[in-house]
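Just so you know, the protein sequences line up as chains A and B, in that order. Take 9 as the starting number for the first sequence in this note's numbering and just add one per residue. Take 4 as the starting number for the second sequence in this note's numbering and just add one per residue.
Don't read these hints as lab results, they were simulated from the structure. Be a bit skeptical, because a hint or two may be false.
[Said to hold, decoys possible] Here are the computed distance ranges between Cβ atoms for each label pair:
(1) A:S80 to B:E55: 16 to 24 angstroms
(2) B:H82 to A:A37: 38 to 46 angstroms
(3) B:G17 to A:Q119: 31 to 39 angstroms
(4) A:I121 to B:G17: 39 to 47 angstroms
(5) B:S75 to A:E28: 33 to 41 angstroms
(6) B:S68 to A:S78: 30 to 38 angstroms
(7) B:E106 to A:G70: 35 to 43 angstroms
(8) B:A42 to A:I121: 21 to 29 angstroms
(9) B:R114 to A:R30: 37 to 45 angstroms
(10) B:L118 to A:H90: 33 to 41 angstroms
[Unchecked claim] Looking from chain B toward chain A, a few residues come up when the C-beta cut is under 10 angstroms (computed):
(11) T5
(12) K21
(13) K43
(14) E47
(15) M49
(16) V51
(17) E55
(18) P86
(19) A90
(20) Y104
(21) G112
(22) T116
[As the list claims (entries may be wrong)] Interface residues of chain A toward chain B, partial, derived using beta-carbon atoms under 10 angstroms:
(23) A25
(24) S26
(25) R30
(26) L52
We put the beta carbon where it would ideally sit given N, CA and C, even for glycine.
The residues making up each chain are set out below.
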Amino acid sequence: AQSVTQPDIHITVSEGASLELRCNYSYGATPYLFWYVQSPGQGLQLLLKYFSGDTLVQGIKGFEAEFKRSQSSFNLRKPSVHWSDAAEYFCAVGATGGYQKVTFGTGTKLQVIP
Amino acid sequence: ETGVTQTPRHLVMGMTNKKSLKCEQHLGHNAMYWYKQSAKKPLELMFVYSLEERVENNSVPSRFSPECPNSSHLFLHLHTLQPEDSALYLCASSQDFSRGYNEQFFGPGTRLTVL
């Protein structure tokens with residue numbers, strides 16, 4: 009069974025600073041990988057996903073993530089954070105065989121300070 | 004309405020009450036999901052329906068009873084809940100349950116409080 013770890017529960021960055029949120033996964037093959045964002049009072053929204061091809065994936069809102077097989081990681085990055093990026097971010101891993109079972113991490117809450 | 008909608012957005016109920024959560028997707032998707040989101044815990048998949056047939060039931064207590072009358076609607080019937088069932092209940096849908104790379108589209112959730 010797959011699993012995903014987000015080691016940082018809470019991160020605080022200054023507006024305009026760069027951001028990197030960590031995600032490590034465990035899966036026996038190349039997985040499907042996702043980053044979702046959840047704003048307060050809202051459901052989850054997909055930022056980006058990886059399932060094959062180029063290991064650097066571009067998403068919405070200026071986010072990108074890089075799949076590193078050797079490190080079993082899929083870290084999310086943004087070069088310059090905006091106050092509106094304050095939210096909770098979830099990494100998820102999906103199985104590539106059989107049905108669509110997606111396992112979510114515990115989330116990283118991002119605080120942006122002026 | 005667009006996307007995935009959920010009603011009610013907030014619900015407070017006693018342990019002896021019976022209530023239902025409703026989810027509707029306007030995306031033409033074939034699969035629908037119920038998740039439970041509790042503080043400091045990963046999203047817990049509760050139920051999955053594909054083409055109105057239940058395909059996943061993750062050892063959820065019988066006090067939660069899902070219903071999928073058609074591919075656009077999903078209900079979660081609640082009865083004799085416990086305080087530990089208080090959480091945010093999220094509904095999601097995806098185009099095809101069998102394809103793991105399909106994005107799931109989430110509703111805003113129902114914040115449930117059990118007294």
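Results for each hint:
The hinted window of 16 to 24 angstroms between A:S80 and B:E55 is violated, with their beta carbons roughly 37 angstroms apart. Taken as a hint, the range 38 to 46 angstroms holds for the pair B:H82 and A:A37, whose Cβ atoms sit roughly 41 angstroms apart. Hint check: B:G17 to A:Q119, Cβ distance near 36 angstroms, so the stated range 31 to 39 angstroms holds. Between A:I121 and B:G17 the beta carbons are some 41 angstroms apart, a value that agrees with the proposed interval 39 to 47 angstroms.
Judged by the Cβ atoms, the range 33 to 41 angstroms given for B:S75 and A:E28 holds: they are separated by roughly 39 angstroms. At roughly 45 angstroms, the beta carbons of B:S68 and A:S78 sit outside the given window of 30 to 38 angstroms. Taking the beta carbon of each, B:E106 and A:G70 are about 19 angstroms apart, not inside 35 to 43 angstroms as hinted. The hinted window of 21 to 29 angstroms between B:A42 and A:I121 holds, with their beta carbons roughly 23 angstroms apart.
Between B:R114 and A:R30 the Cβ separation comes to about 29 angstroms, which falls outside the hinted range of 37 to 45 angstroms. Restraint check, B:L118 to A:H90: a C-beta distance of roughly 39 angstroms satisfies the suggested window 33 to 41 angstroms. Evaluation of the B:T5 hint against chain A yields a violated restraint, the C-beta minimum of about 13 angstroms exceeding 10 angstroms. With 10 angstroms as the threshold, the beta carbon of B:K21 stays out of range of chain A, its nearest partner Cβ sitting at about 25 angstroms, so the hint is violated.
Given the 10 angstroms rule on beta carbons, the hint for B:K43 holds: about 7 angstroms separates it from the nearest Cβ of chain A. With a least beta-carbon distance of about 9 angstroms to chain A, the hint placing B:E47 at the interface is held under the 10 angstroms criterion. Checking B:M49 against chain A by beta carbon gives a least distance of about 13 angstroms; that is not within 10 angstroms, so the hint is violated. The interface hint given for B:V51 holds, since its Cβ lies 8 angstroms from the closest Cβ of chain A, which is under the 10 angstroms cut-off.
Restraint check, B:E55 versus chain A: the minimum CB separation of about 16 angstroms is more than 10 angstroms; hint violated. Because the beta carbon of B:P86 sits about 22 angstroms from the nearest beta carbon in chain A, more than 10 angstroms, this interface hint is broken. A cut of 10 angstroms between beta carbons decides the hint on B:A90: the least distance to chain A is about 14 angstroms, and the hint is violated. Satisfaction of the interface hint for B:Y104 is found here, the shortest Cβ-Cβ separation to chain A being roughly 4 angstroms, below the 10 angstroms cut-off.
Checking B:G112 against chain A by beta carbon gives a least distance of about 6 angstroms; that is within 10 angstroms, so the hint holds. A hinted interface residue such as B:T116 counts as satisfied when its beta carbon comes closer than 10 angstroms to some beta carbon of chain A; here the least separation is about 15 angstroms, so the hint is violated. Interface hint at A:A25: violated, since its Cβ lies 26 angstroms from the closest Cβ of chain B, which is beyond the 10 angstroms cut-off. Hint on A:S26 is violated. Least Cβ distance to chain B is approximately 26 angstroms, over the 10 angstroms limit.
For A:R30, the interface hint is violated, the least distance from its beta-carbon to any beta-carbon of chain B being 16 angstroms, above 10 angstroms. Using the Cβ-Cβ criterion of 10 angstroms, the hint placing A:L52 at the interface with chain B is satisfied: the shortest such distance is roughly 4 angstroms.
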